[in-house]
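Make the full structure from the sequences, and use the hints.
Residue numbers (this note's numbering), protein chains in the order written: chain S, 395 to 687; chain P, 636 to 912; chain E, 3 to 255.
If you're looking for bench data, these hints aren't it; they were derived computationally from the structure.
We put the beta carbon where it would ideally sit given N, CA and C, even for glycine.
It is possible that part of the hints are untrue.
[What the hints assert, rightly or not] Away from chain S, derived, C-beta distances all over 12 Å, residues of chain E: (1) F90; (2) V167; (3) S168; (4) E246.
[Stated by the list, open to error] Derived, one-sided and incomplete: chain S residues facing chain E with beta-carbon distance under 7 Å: (5) L402; (6) A406; (7) L407; (8) V523; (9) V626; (10) V660.
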Amino acid sequence: MSGTGGTLRRIALGALALVLLAAIWEGYKAVGPAGGVDLAGLQLLPRTTDLAMPHIHEMIARALEPVNSSAGSAPVWTSVLLAALSSLGTASVGLLLGAVVGITLALVMQRLPIAETAMLPWLVLSQTVPLIALAPLIVSWGGRVQIGALEWERWMSVAVIAAYLAFFPIAIGALRGLQSPDRNHTELFHSYAAGWWRTLLYLRLPASVPYLLPALRLGAASAIIGTVVAEVSTGAKGGIGRLIIEYAQSGSSDPAKAYSPIAAAVLMGLAAAGIVALAGLGVKRYRRNEVTA
Amino acid sequence: MTTLDAVHVNQATKRFEAKKGDGVTALDEVNLTIRAGEFVSLIGPSGCGKSTLLRLIADLDQPTAGSVTVFGKTARQARLDQDYGIAFQSAGLLPWRTVAANIELPLQLHRVAPAKRALKVAELMSLVGLADFAESFPDQLSGGMQQRVAIARSLAESPELLLMDEPFGALDEMTRERMQTELVRICAETGAAVVFVTHSIPEAVFLSDRVVVMSPRPGRIVAIVDVALGEARGEMLREEEGFFDSVTEVREALHRVPGGAGETVRPDGAARGVDLR
Amino acid sequence: MRSLALRSALPPVVLGVLVLVAWQLVVELGDIQPYLLPAPTAILTQLVLVLPVLWAALLATGSNALIGLVAGAVLAIGMALLASRLGFIDELLTPIVAAVAVVPIVALAPVLTTMYGATSETPRRVIVAIVVFVPVFINTLRGLRQVRPVHRDLMRAYAATNWQVSRTVTIPGALPYVFTGLNIASSLAVISAIVAEYFGGLQNGLGSRITSAAANSAYPRAWAYVFGAILLGVVFYLGTLAIERAVSRRTAR
Chain S
395 MSGTGGTLRR
405 IALGALALVL
415 LAAIWEGYKA
425 VGPAGGVDLA
435 GLQLLPRTTD
445 LAMPHIHEMI
455 ARALEPVNSS
465 AGSAPVWTSV
475 LLAALSSLGT
485 ASVGLLLGAV
495 VGITLALVMQ
505 RLPIAETAML
515 PWLVLSQTVP
525 LIALAPLIVS
535 WGGRVQIGAL
545 EWERWMSVAV
555 IAAYLAFFPI
565 AIGALRGLQS
575 PDRNHTELFH
585 SYAAGWWRTL
595 LYLRLPASVP
605 YLLPALRLGA
615 ASAIIGTVVA
625 EVSTGAKGGI
635 GRLIIEYAQS
645 GSSDPAKAYS
655 PIAAAVLMGL
665 AAAGIVALAG
675 LGVKRYRRNE
685 VTA
Chain P
636 MTTLDAVHVN
646 QATKRFEAKK
656 GDGVTALDEV
666 NLTIRAGEFV
676 SLIGPSGCGK
686 STLLRLIADL
696 DQPTAGSVTV
706 FGKTARQARL
716 DQDYGIAFQS
726 AGLLPWRTVA
736 ANIELPLQLH
746 RVAPAKRALK
756 VAELMSLVGL
766 ADFAESFPDQ
776 LSGGMQQRVA
786 IARSLAESPE
796 LLLMDEPFGA
806 LDEMTRERMQ
816 TELVRICAET
826 GAAVVFVTHS
836 IPEAVFLSDR
846 VVVMSPRPGR
856 IVAIVDVALG
866 EARGEMLREE
876 EGFFDSVTEV
886 REALHRVPGG
896 AGETVRPDGA
906 ARGVDLR
Chain E
3 MRSLALRSAL
13 PPVVLGVLVL
23 VAWQLVVELG
33 DIQPYLLPAP
43 TAILTQLVLV
53 LPVLWAALLA
63 TGSNALIGLV
73 AGAVLAIGMA
83 LLASRLGFID
93 ELLTPIVAAV
103 AVVPIVALAP
113 VLTTMYGATS
123 ETPRRVIVAI
133 VVFVPVFINT
143 LRGLRQVRPV
153 HRDLMRAYAA
163 TNWQVSRTVT
173 IPGALPYVFT
183 GLNIASSLAV
193 ISAIVAEYFG
203 GLQNGLGSRI
213 TSAAANSAYP
223 RAWAYVFGAI
233 LLGVVFYLGT
243 LAIERAVSRR
253 TAR
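Structure representation (structure tokens):
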């Protein structure tokens, strides 16, 4: 799985998968009926007109053209890229906040078993709340809430929602990691008369790295999703979510434009996962699997 | 000047209560004194309480009744004062630390200065013969080597008492014999008292000054066998007549132990669950 | 056994009650504005008032979520079975699934609406199906792959055919993993069905009710719909749990 041969192979396969998807798209467009495929009133397959399903080359071409017909309008791909970077920034703030909250909760739950029993069901339940649904409500805090000298801006609501989505997988992953050392190790530390804090620093935190990394990856993906959706709900300017909606609104006249921000959102997700993977490289030594004597 | 006894167990009892039905009496009014510098093995069939007794001395469990003192202090105080070193059956090395860092762990936890730590670690690594592997990780070492690291770690704070719970249990016979010879040498050099739990009669005899034979349900000491094979114990000891005599003495003491794991006792009355090789 | 169940149910219930009471007190005593946090009593009142509308919205969103869940799960299990057998399918799917797992699928909602038309229910169901596909596929594949070596050797010693091995060892062994995936998928299905509505298209479900209530500054009402959404999520979650119990009892470990 590792090594340059493996990575090259995986990249090649990824490219092959993309090509296949493009082929399926164009292929269906070529042979599918213009009105789509219906089954007992339920639409199964989409319509194949150029308006409903633009050609792939049309999407790419449109990305290079200006956004609209006003003077000085930047090409689509430029505005999309800028928006994506802005959203990535917001998502990062959300991820950081979510990570802090999640890890803190995990520490509390590890320290106090009663806290774990009391809080865990609610934490699980919290994930069934589509807090994204509350996005409009959190947005309404904007302009009316002030934390010290800081005025609440729209993007902060987005970051809070991203944090809410991210904190749960991180909390669960961190908790599992903190609880992962087996009795052998915990008794060893007990025999060293090491208190909770030292056991945390020297044993539990290092042992939790293999659990935290996938949790952070999941958290990053959740933060991105949260950011995009929250931006749509809150209409936050400058974000990719707003562009998705905006460009989709001209979907009946300019269908190819809408695909650019979506592609950018996809790339954002991949970039976030990549960054977490890079972070994982730095802590390689904590990911060696345990071998028992 | 009288040297303090290393361990004094007085009427120690340990009961484990079950939610339904009767509990288990792991230890029943056990008395034992271990002198400073003495090597004592605990041997017996499964469930005889030898590991439980070790854990009471280590303050990893507390007695239901009776007391355990280590160098005149309570077991808890001895643990807080770090008066003993411990080695378990599985080496329990931290996989993300190198060999040197693993040996260093107790010293780091107890805030010993880096320079002193480095010195002690170097000393210990040559003591166990692993000086060349300082920067290796545990998953790169064999089982025997990992146990040597664990033993080095248990000696890190130069304790006067070593507690070992079947540290060679997971090793093959040849490695085991090599490790026993090593351990004898190390203990002679450090002069520590040792409480050593084992399943193996030859191992117990080879290593100890006294062998404590225990029986299960309830856990009790049935016999203490003096092994008078002298201080210097080399490889060839295992082929001497005196060695076989002591092994026989321990085996016969074990025969007097009522059946081990099951109710059936073998026709020659031998205890089950003990390595009679 | 009963006392254990009680003991583990008590702390969260106590915590929940405490939080509710504290919530009500904080809102009343702190004179918190409704846009920030409405009082539980206000939410409850609104809940009763909008019950018929809530019910219709629940049905709409629930059916979208259910259809998407079933479609996605069936597809995922089928593909996982194929992938566990045919290496090249596995190799092709892995990058796609890995990518889908980290990208916001709901962002596809607008183009799906264009593809299927603005009055179609299908875009939301497609999104739910894709979102559900990922956890069910990953977990099912993992389950199909983890045959214990001792079982594998046993089957080999019996000269069992591939199909026999699948039926007696692989599939029963994989079931717990399938259910893990379904559990995760069930809550994701509900949330995706709700969120997909924010991106346009048909507006007959919970998502649109929440946004319109918020847009009209009727915050207690919005929270009431959110409560309905939570209920839906819990129902789905418990539903998959119940199916798991029913199946597992017959294939006892």
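How the hints compare with the structure:
The beta carbon of E/F90 is not kept farther than 12 Å from every beta carbon of chain S, the shortest such distance being approximately 9 Å. Non-interface call for E/V167 relative to chain S: holds, since the shortest CB-CB distance, roughly 26 Å, exceeds 12 Å. Every Cβ of chain S is farther than 12 Å from the Cβ of E/S168; the closest lies at roughly 26 Å, confirming the non-interface assignment. For E/E246, the non-interface assignment is confirmed: its Cβ lies about 16 Å from the closest Cβ of chain S, beyond the 12 Å cut-off.
Using the Cβ-Cβ criterion of 7 Å, the hint placing S/L402 at the interface with chain E is not satisfied: the shortest such distance is roughly 13 Å. For S/A406, the interface hint is violated, since its Cβ never comes within 7 Å of a Cβ in chain E; the closest pair sits about 10 Å apart. Annotation: interface hint on S/L407 holds; nearest CB of chain E at approximately 5 Å, less than 7 Å. Look at S/V523: its Cβ gets to within about 5 Å of chain E, closer than 7 Å, so that hint holds up.
Checking S/V626 against chain E by beta carbon gives a least distance of about 5 Å; that is within 7 Å, so the hint holds. Taking 7 Å as the C-beta contact cut-off toward chain E, the hint placing S/V660 at the interface holds, the least distance being around 4 Å.
Of the numbered hints stated above, those contradicted by the structure are hints 1, 5, 6, listed in ascending order.
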